[in-house]
Each structure stands twice: as C-alpha cells, then as structure tokens.
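Enquirer: Each chain, letter by letter, is given below.
Protein chains: 2
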Amino acid sequence: MSDKVLLDYGSGGRASQRLISELFLKHLGNEELNRLNDAAELAVSGRIAMSTDSFTVDPIFFPGGNIGSLAVHGTVNDVAMMGAVPRFMTCAYIIEEGLPMDHLEIIVASMGEAVREAGVVIVSGDTKVVPRGAVDKIFINTTGIGEIIVDPAPSGDRARPGDAVLISGTIGDHGLTILGTREGLDFQARVESDSASLNHLLIRLVRELPEVHVLRDPTRGGLATTLNEITHSSRVGCHLDEGSLPVRPEVAGGCSILGLDPLYLANEGKFLCVLPGEDAEKALEIMRADPLGRDACRIGTMTDENPGKVALITRLGGKRLLGMLEGEQLPRIC
Amino acid sequence: MSDKVLLDYGSGGRASQRLISELFLKHLGNEELNRLNDAAELAVSGRIAMSTDSFTVDPIFFPGGNIGSLAVHGTVNDVAMMGAVPRFMTCAYIIEEGLPMDHLEIIVASMGEAVREAGVVIVSGDTKVVPRGAVDKIFINTTGIGEIIVDPAPSGDRARPGDAVLISGTIGDHGLTILGTREGLDFQARVESDSASLNHLLIRLVRELPEVHVLRDPTRGGLATTLNEITHSSRVGCHLDEGSLPVRPEVAGGCSILGLDPLYLANEGKFLCVLPGEDAEKALEIMRADPLGRDACRIGTMTDENPGKVALITRLGGKRLLGMLEGEQLPRIC
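Chains A and B, in that order, are what the protein sequence lines are. Letter 271 of the first sequence, counting from 1, is numbered 271 in UniProt numbering, and no numbers are missing. Letter 125 of the second sequence, counting from 1, is numbered 125 in UniProt numbering, and no numbers are missing.
There may be inaccurate statements among the hints.
Each pair may be met inside one copy or between any two copies, as identical chains are not told apart.
[Claimed, not checked] Straight line, CA to CA, 20 Å or less: simulated SDA-like cross-link-like pairs of lysine to any residue:
1. Lys4 - Glu326
2. Lys309 - Cys255
3. Lys309 - Leu36
4. Lys309 - Arg35
5. Lys4 - Gly327
6. Lys319 - Leu245
7. Lys309 - Gln17
8. Lys309 - Arg14
9. Lys309 - Arg18
10. Lys282 - Arg204
11. Lys4 - Pro331
12. Lys26 - Ser233
13. Lys309 - Pro161
14. Lys309 - Asp261
Hints are computed from structural coordinates only; laboratory data are not their basis.
With the hints as constraints, model all of the structure from the sequences given.
Expert: Put into structure tokens, the structure is as follows:
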C-alpha cells in the first residue's frame with residue numbers, strides 16, 4: 001500500500017478491500033467483522049442501550065491518547081452510563097486524502113487495544129476517503145450497544161433532593177491537554193488527557209448499588225453544564241461545594257494562566273454519580289478501589305431549592321449560580 | 001437562532017440545547033430521543049442486524065434527494081439486506097461553521113420524512129460543529145439496528161451455482177446524477193438519484209421467499225464490484241447477460257458522453273437478489289408489484305466455472321471478465 005491514504009482506498013473497489021484486510025481487520029478483526037457483510041448479525045437480548053458519537057478532536061494525537069482510543073472510550077462510556085454492559089460497536093472513518101498511512105495505523109491500533117480492554121467487539125465499519133481539504137485529517141464515528149443490567153436504568157431525570165453528587169476523579173484534564181497541545185503551550189508540569197473506558201468500574205458500581213439514580217460523563221461543556229442538564233431534567237437544585245472539587249494543581253495553574261474554568265472543561269475518563277445520600281460512602285469505596293476512581297469524592301448534594309439551578313458554595317461561603325456553558329470555549333475538544 | 005450554524009451550536013452548552021430542541025427534536029423527535037440521555041434505551045430481541053455508514057456526498061442537494069434523506073436510505077437498506085426489519089437509528093452530524101441554517105433544516109426535515117416512511121425511529125444523536133474549513137459543509141453518520149426475521153440471514157457467502165441473479169431496477173442513476181450535478185452538466189433528459197428505502201419491499205420478499213441467499217445494495221463500486229464481492233465470498237462464478245442489464249437511455253447516454261460505465265456507478269435504491277433459480281419468477285413478481293421494483297429483471301446466473309470471477313456475456317455473444325472497481329471513479333458519491 002502507499003504510504004499515504006489515497007482516494008482509491010475509499011472507493012468501495014479493490015483498493016478499499018486491501019485497506020480493510022491489511023489494516024482494519026489486522027487490528028480490529030473478529031469473526032463477525034471478518035465476514036464483511038454490509039451489516040453485522042448479533043445476538044442481544046432484553047433492554048438495550050445505544051449511543052453514537054462523532055470525534056473531530058484536534059490535534060489527533062495528544063498526551064494520554066489519540067482520536068482512535070478516544071472514539072472507543074467515548075462511546076463505551078456513554079453506553080455504560082445507562083447501567084449497561086457495552087457489547088458491540090460500529091466504527092466509521094472519514095479520512096482526508098493524503099493522511100500518512102502510519103498515522104492511520106497508530107489510530108486503528110489504539111482502537112484495537114481500547115476495544116479489547118473494554119471487552120467490546122467492533123462488528124461493522126465504513127471507510128470514506130474525501131479529497132484534500134474536505135475534512136481535516138480524520139474524523140471517526142463510533143456507535144455502541146450494550147445490555148442494560150439495572151431496572152430502572154440510571155437516567156438524567158432521576159435525581160432527587162437529598163441525593164449525593166459524586167465525581168470519580170479530577171476535572172479538566174482532557175480539555176486543558178487538548179488546548180495546550182493544540183496551541184503548543186509548554187505547561188511546567190505535564191498534563192495528560194484522562195481518556196479511558198469506565199465500563200468495568202461502572203458495572204461493578206451498579207451491580208453493588210442498583211439504586212444509583214444518575215450516571216453521566218461530563219464531556220463537552222464540562223461538569224457545570226452536565227450538572228445543569230441533570231438539575232433541569234430532574235427538576236431539582238444542586239449545591240456544589242467548591243472546596244471539594246478535585247482539580248490537579250497543574251490543571252488549576254494552566255487554567256488560571258489561560259483564563260479557563262475547569263468546571264467547563266471536557267473530561268473523557270470521569271463520571272458523575274448521583275445516588276441516595278446513605279449510599280454515598282459505599283459508592284466512594286467502590287470507586288476508590290479502582291485506579292480510574294482513585295480520586296473520587298463527594299462534591300455536592302441535590303436539593304429542593306431553586307429547581308433547575310446549580311449553586312456553587314465558594315470556599316469563602318458565598319453562593320454563585322453556575323450556568324451552562326455559554327458560547328464555545330474549545331471547539332474540536334472531542 | 002442565527003441564520004448560520006455557529007461554533008457555539010456544537011459546544012455541548014446552552015446553544016447546543018437550543019439547536020437540538022428547536023431543530024432536531026422538531027423534525028426527528030420521539031419519546032426516546034426527547035429524553036436527551038447520552039444513550040437510548042430500547043427493547044429488541046433475538047438476532048439483531050447492525051450497520052453504520054458515513055455520508056459525505058458532494059453536492060449535499062441533488063435531484064432526487066439530499067444528504068439527509070440519503071443518510072437514512074443508505075443505513076435502512078444495509079440493515080434490511082440482512083433480512084432484518086430496521087427499527088432504530090442513531091444520527092451524528094458534523095457541521096461546518098457557517099452552514100446556512102435553512103440548509104440544515106431542509107436536510108433534517110428530509111431525514112424526518114425518510115425515517116417515518118421507513119418506519120424507523122432515531123433514538124440518539126450527536127452534533128459537532130467544526131471551524132470553517134475543517135469539514136466541507138456537512139457530513140452525517142447513521143447507524144441502524146433491526147430484527148432479523150429469516151434464518152439463516154441472507155449473506156454474501158451464500159450464493160450457489162445455479163442461483164439466479166436479479167436486480168430490482170435500473171443501474172447507474174445515482175452515480176450519474178451526483179456527477180452531473182457536481183460538474184454542472186446539463187443532461188438532455190433529466191436524471192435523478194434513485195435514493196430510497198427498500199426495507200418494505202425487501203421484507204415482503206424474504207417473508208414470501210425465505211430461501212433468498214444474498215441481498216446486497218450495489219452502492220459504491222456499482223453492480224460489478226458488488227457481484228465480485230459476492231462471487232469471491234461464495235466461491236462461485238457469475239455469468240452476467242449484458243443485454244438484460246436495465247439502464248435508462250438517458251443514463252446510458254450520459255455515461256457514453258462522460259466515458260463512465262454504469263456497471264461501476266453507485267446506486268442508492270436498488271438491490272441485487274441471488275436465490276435458487278426456481279424461485280426467480282416468484283421473486284420478480286413480488287418486486288415488480290412495488291414501485292421501487294417496477295423494472296426488476298433477471299440479469300444473470302451463478303455458475304461453478306471460474307469461482308470468484310464475474311463474466312459479462314456481451315450482446316454479440318463474447319465474454320469479458322468484469323473486475324472490481326479499480327481506482328476511484330467518483331469520490332464523495334454517497
């Protein structure tokens with residue numbers, strides 16, 4: 001094959017076949033994908049969670065991952081937030097003519113590692129190559145399905161006054177990493193994306209505590225926007241304790257230099273958990289036993305005051321309403 | 001809202017919420033999508049077909065459809081080719097900053113019409129807006145799942161010597177339409193894309209004739225490439241009768257002017273059906289009873305000669321091997 005991706009590779013003809021067998025099947029192959037039908041045949045049963053996401057992150061390589069691993073983590077997490085075991089995934093690439101083939105191979109290999117780690121199988125795919133300039137390097141869509149194991153499933157409209165609000169770890173790492181890498185900023189301490197598949201931890205959590213009301217990953221728009229969505233859907237208020245928010249010192253430092261607020265920065269390996277207050281300690285114990293939940297902590301409480309609003313209780317005891325993200329802090333963050 | 005799509009609309013914040021509720025839910029809304037969870041909860045059972053496709057067609061509007069209707073038809077068809085009733089679909093948009101909002105609305109409204117006609121429900125979605133120049137206008141990914149109703153499902157590796165090869169109608173219409181529109185060519189007679197959802201016809205067909213061996217839509221790469229894939233997977237040969245190939249005179253004319261071969265042009269509303277010879281007449285009867293199969297005809301026979309090869313028996317009685325598409329005739333055809 002050429003050392004760059006050519007238009008032919010997306011033609012549906014012979015060159016596409018070579019790209020599929022020599023690159024995609026090499027890293028992602030399995031019994032179903034190898035059949036190369038237009039659709040895959042799967043056995044699933046019961047209540048299914050389904051989620052889709054397109055990834056357009058810029059740059060495509062960044063500390064802590066690349067667009068390929070991110071595309072797996074993002075969709076695995078969205079499915080798992082429904083209390084579902086992610087099982088199957090589709091993957092669709094839109095590639096700019098001229099992308100170096102070794103870049104594509106690194107990306108596809110990362111996807112292979114990520115799906116094996118998450119325990120999901122890529123069952124169907126699609127590859128389009130578009131002329132130079134029609135897309136910036138590579139965009140990837142992943143769509144996943146999984147089997148829901150709790151009833152009712154966690155949902156954004158199930159938060160209740162008195163519920164504890166937990167976060168599985170530090171916030172802002174992904175957003176600051178992408179911005180720093182894109183702009184070529186040299187942070188004193190190394191900052192890394194937190195991009196990771198949370199499904200194994202989440203499944204342990206809901207198996208032990210099926211009473212979890214809401215699970216949500218605070219990606220685009222960050223923690224503040226996600227909490228606003230939950231309080232809006234559930235018609236509850238939220239008190240968020242500023243002093244308890246876990247932020248790495250290097251992320252806090254980078255944010256203060258750049259005028260960014262970690263509450264609005266995307267995370268790709270963290271989740272919010274809203275559940276009855278009496279279960280909070282048990283949940284934190286389960287989360288902290290997993291490396292991906294090591295820094296888990298309680299950051300607030302749902303209330304019946306100000307339904308639909310999120311109030312930040314500041315370190316000085318003041319109270320400030322946190323709105324949704326207004327405008328766009330960071331396009332192409334994921 | 002602004003009359004152009006702004007970066008904010010893909011931020012995940014307040015502007016995204018407005019775009020979702022005022023445009024997407026207006027045209028595509030349903031009980032599950034309206035909940036706006038990161039994933040949808042569905043009830044499906046048994047053997048599931050799953051397929052994904054990204055649509056990058058240029059131009060985004062063309063005679064016979066637009067990128068929105070095409071994105072629904074394409075995935076509905078891929079799912080139905082497995083002998084499955086398409087049920088649920090996800091939809092992910094990547095939009096270039098500055099796309100006129102009324103263009104987006106036409107596209108989304110077309111998707112709404114197409115899903116209602118096909119009887120599928122869009123259950124989850126994603127919207128990214130990328131800066132000007134990072135994508136050409138709009139790309140759409142759709143991923144669909146459906147319930148397989150025949151056992152075994154039709155599959156590209158099930159063709160047998162003696163099987164009849166049927167096509168549901170004329171070939172080359174979509175490919176020639178896209179090229180003509182893109183290049184601003186003025187064909188004497190109007191040519192239109194055949195883009196359509198074939199699921200209702202396909203389901204009638206497999207219910208009456210569960211013995212169907214292969215169903216495939218000859219999209220990118222055209223009829224010749226799809227038949228090569230089938231003969232390769234099934235290890236059979238194929239004799240294709242040139243005189244029986246249905247090609248509209250205006251498509252044949254356009255192709256001869258442009259030096260294109262309708263056998264390699266994409267179709268978006270046609271299917272190939274391979275089944276035991278004795279069932280061919282019954283299948284044609286079912287197909288012709290549907291407006292989408294009006295021009296259905298038998299075009300060839302699978303053989304045990306030259307496994308993996310497709311031979312065209314020319315009008316003069318000669319024999320010519322038809323390979324897969326080599327190179328790229330038409331990028332961004334779908």
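Enquirer: Evaluate each hint against the coordinates.
Expert: Structure-based check of each hint:
1. In this assembly of identical chains, the alpha carbons of Lys4 and Glu326 lie at most 20 Å apart only when taken from different copies (17 Å versus 40 Å within one copy).
2. With identical chains, the CA atoms of Lys309 and Cys255 are never at most 20 Å apart, being 24 Å at best within one copy and 62 Å at best between copies.
3. Proximity of Lys309 and Leu36 under a CA criterion of 20 Å is satisfied inter-copy only: 18 Å between copies versus 49 Å inside one chain copy.
4. Only between protomers do Lys309 and Arg35 lie at most 20 Å apart by alpha-carbon distance; the minimum there is 19 Å, versus 51 Å within a single protomer.
5. Only between protomers do Lys4 and Gly327 lie at most 20 Å apart by alpha-carbon distance; the minimum there is 15 Å, versus 37 Å within a single protomer.
6. In the homo-oligomer, the alpha carbons of Lys319 and Leu245 lie at most 20 Å apart inside one protomer (15 Å), although the nearest pairing across protomers, at 74 Å, exceeds that limit.
7. Taking the shortest Cα distances, Lys309 and Gln17 sit within 20 Å of each other only across copies (16 Å), while inside one copy they are farther apart (53 Å).
8. Taking the shortest Cα distances, Lys309 and Arg14 sit within 20 Å of each other only across copies (14 Å), while inside one copy they are farther apart (56 Å).
9. When the C-alpha separation of Lys309 and Arg18 is checked against a cutoff of 20 Å, the pair qualifies only between copies, where the shortest distance is 18 Å, while the shortest distance within a copy is 54 Å.
10. In this assembly of identical chains, Lys282 and Arg204 lie within 20 Å of each other by CA distance solely inside one copy; the values are 12 Å within and 54 Å between copies.
11. Taking CA atoms no more than 20 Å apart as the test, Lys4 paired with Pro331 passes between copies only; the shortest distance there is 17 Å, against 27 Å inside one copy.
12. Taking identical chains as interchangeable, the C-alpha atoms of Lys26 and Ser233 lie at most 20 Å apart only when they sit on different chains, with a minimum of 18 Å there against 44 Å within one chain.
13. Taking CA atoms no more than 20 Å apart as the test, Lys309 paired with Pro161 passes inside one copy only; the shortest distance there is 13 Å, against 68 Å between copies.
14. Taking the closest pair of Cα atoms, Lys309 and Asp261 come within 20 Å of each other only inside a single copy of the chain (18 Å); across copies the shortest separation is 62 Å, beyond that limit.
Hint check: a violation occurs at hint 2 only; the rest are consistent with the structure.
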